[in-house]
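Now for the letters of each chain:
Number of protein chains: 2
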Amino acid sequence: MLKLKVRLVDIESGGKSVALVNKDDAAELGVHTTDRVNIERDAKKQTFMVEVTKNMMRPGELGLLDNPFDNEEALDGKIVTVESAKTPSSSGYIKKRLLGTKLSSEEITEIINDVVYSRLSDIEAVFFMASCYNNEFSEEELTALAGAMVSAGRTLSFPGKDVVSKHCIGGVPGNRTTMIVVPILVAAGLTVPKTSARAISSPAGTADVMEVLCSVEHTIDKVSFIVNKVGGCIVWNGAVSLSPADDKLNQLRYPLRLDPRPFLLASILSKKKAEGAKKVLIDIPVARGGKVDNEEEGRTLASQFISLGVKLGLEVEVVLTAGDHPIGNGIGPALEAADVLMVLEGKQEAPLDLRQKAINLAGLILEMAGKAPRGEGEIMAEEILFSGRALSKFQEIVHAQGGKASVASADVSFGKHKQRILADADCTVFGFNNNQITKIARSAGAPKNKGAGIYLFVKRGTKVKKGEPFYEIYSEQKEKLDFAVAVAKEDNGIVMERSVLGIVGGAGIG
Amino acid sequence: MLKLKVRLVDIESGGKSVALVNKDDAAELGVHTTDRVNIERDAKKQTFMVEVTKNMMRPGELGLLDNPFDNEEALDGKIVTVESAKTPSSSGYIKKRLLGTKLSSEEITEIINDVVYSRLSDIEAVFFMASCYNNEFSEEELTALAGAMVSAGRTLSFPGKDVVSKHCIGGVPGNRTTMIVVPILVAAGLTVPKTSARAISSPAGTADVMEVLCSVEHTIDKVSFIVNKVGGCIVWNGAVSLSPADDKLNQLRYPLRLDPRPFLLASILSKKKAEGAKKVLIDIPVARGGKVDNEEEGRTLASQFISLGVKLGLEVEVVLTAGDHPIGNGIGPALEAADVLMVLEGKQEAPLDLRQKAINLAGLILEMAGKAPRGEGEIMAEEILFSGRALSKFQEIVHAQGGKASVASADVSFGKHKQRILADADCTVFGFNNNQITKIARSAGAPKNKGAGIYLFVKRGTKVKKGEPFYEIYSEQKEKLDFAVAVAKEDNGIVMERSVLGIVGGAGIG
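If you're matching them up, the sequences are chains A and B in order. Okay, so the first sequence: first residue is 123 according to my numbering, each after it adds one. Okay, so the second sequence: first residue is 123 according to my numbering, each after it adds one.
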């Protein structure tokens, strides 16, 4: 036990309780980096993760970040009592799981809580995630994982309402169905408190696209108010923090772009549960080399979603969709927002594939919710769309989230720098390399620059003559446009039929 | 690409190249925390790991820790070019390995190099270590791992000399054989450049005990000089940094106290290889519930050491020893140093078990090195010890490492506060709870306070009368003594025969 003098340090803790200790004091306390200490002041005790420093802290000093003791007087310069603290039991559970033992629901719950309250280090949390690769999660463990993620966050609730939701596991550029499906469902009398992601490695997430038209960062109380008022919303999930455990674990699987199955399932369904949804449609795009490689893998994943749903009290249906080409014409926040609005407005130029996919998905949910008989959901969705009721509802939602009252596609503007990428010979478009299309759009500035991205003139099967455009790149800055054009000239992301004929075996295509 | 103004930040990087970036600039660059950026200045380019900050860095600022560009003029306030950098290929190899694929030697080597030069994040390195639990290391992978650990650090070399070494995988309090074995071997004409650890969770490591008598922190060049002069050394491995890869990975397995087998094997033998040793004896203490639980496990581990040794060009022999009770009477740096010196001095009070174990180990190495015929090594070791030549050689080593010229056990002093722990009834000592003995010694201040620890009056089988002492606790501070005594009164760490008789089945004892 030591008495140390607090020095507040201007470092962001990222929500972690970190104590910086000089190496001599650390030796005296018998602690190393990632060990824990209890710090006591005025009979209040709190646990911190130790970071041993050589020079930054002098002996006798204790570095604390932000102001860890809430609502307390200034701590800087005060003397506190520091002693070595026990490692939480959850650390032992993680080791046990990594070495092959299944855990109880209580143990899983304790791990998730300790992750949320930073009582476990990142290193320990990574070992927990990694354990699923050698020791498959049992149904009990998976259910506990999802349940603990729900309990660790706040939840929405709309008593007496038919609450539904949807989720797409992603990986398809332009695929902005949510912004069409939600207003159709709400217009049909359903309640849809939809929370969506921002892009991580794609040109745009639904939250980025919606943000072109209105704010997507609302507190959970504001979200509740909006949904009660207009029947639905489309907001950024990061601002409502329905599942802080999931938010933390996602950061840790990001560097390797890992999608460990139990964490994927628990992450998605825990957020749907926290939205207050009772019925959920999951869209799984299937594409060779994509997140889900083939139909069999898709079916397995689908059955896992359905059975976890049962455990959580969610009625889940799953649809496998084609994920090997972009949906819609626009790729990038503003370009996708314009696509969505044109579909809602019933415009001639609206992309047919986006409209059709949105109608399919909305139709299925209308059937799940009992609004339409089985087999007739699409007709109902189409009617709501054509009648303009979906557009009105969408405009209400945008307005409730702080956007313009009667938003229209004409309001959306794109980056003023643009350049077309042309065919250098007559050809037929066989398909798209989604990763390359994504790279070009991101090089142009998406998703940070809302007006940046790609507008496609071609679909699979389109015949193109030499000199005709495949697509147009938009950018808000000349340099970024030049960079994106250079990337596109390296590889334009279009797979042509003639190139297929030229490759024996055609490996990697389709 | 962005131009940002450098702000040097007073944070210890721990050897990592970290770039602190404001969230707006990060979005502009399209990077997230744990992504990488290239920073260029005056045509020099270096890669940094991104840490996104909300407020700590203002937009336009780039926070760098320490001075990352070596030998350069002051960077603070200078403008540098920052752009998003590719993830190193090694990150992909780790993902591949975690998902079940074996890696090539080249891939393993690249991972280890990227760990050493901080091109991989801690998160990625943890996933690499965790991958060994679901995807066993092949012989090729294990060999590459150990080889890469050697190549990534500096190595010692003593041409024309018979270089030998030893290593104990640990877990036994008081077991300080190295300080007796090394001088016996050197006195016999062998070269022993021994590097040893400090305690992490034990009351003392060999480096901590040696440090009671002389400095153990020497540069690799100094170590080379000492060994060439006197034939051997006993120094702290952390100061010579023979295997920086291993040092980094050890930090990551510390929080869960993990001993992933391939990393344990590669860690130990890579250090022996880097010492320049040709022949190595490994001591594996076996104890129920210890690092190695039973003889079978010990034999498996032994064969792995031997076959990895062959791959690395090391002749390895392994001895399984009893690990269920302390060796020697003293536990704690000064108390163990006194034990060692008394054995070397041939004192009546010297602990017999420590002397016998040291003679056994030294004898085996003398036989391996061809200094004694098989079966006669112990006799030779005993002669060298009894003749006083081992003591003289030890004194030479201590002196060469900056200690007193003719160090003796009488020079060693213990903590001035002490208290005996007494038997509360007549009994026979059945055994020891090593973990509890360790806890008591550490509570008294070991290893930080050199004079703190325990002096045992009893061994297994000792008959003790009520009121006679089991051991004496030493401490440099009264409060620590009181604390250690309180811990000992909770559980004194002694297992008595009468308590065995009282427990049906005797679970957990022996």
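For the record, the hints were derived by calculation from the structure and aren't laboratory data. Take the hints with a grain of salt, since some may be wrong.
Any copy will do: because identical chains look the same in the list, a pair fits if it lies in one copy or spans two.
With a straight-line cut-off of 20 Å between C-alpha atoms, the simulated SDA-like cross-links for lysine to any residue are [stated by the list, open to error]:
| no. | residue 1 | residue 2 |
| --- | --- | --- |
| 1 | LYS493 | ASN482 |
| 2 | LYS217 | TYR376 |
| 3 | LYS125 | THR584 |
| 4 | LYS585 | VAL617 |
| 5 | LYS145 | GLU419 |
| 6 | LYS283 | LEU434 |
| 7 | LYS138 | ASP533 |
| 8 | LYS127 | GLU229 |
For which of the previously enumerated hints does the structure constitute a violation, in increasing order of number? 3, 5, 7, 8
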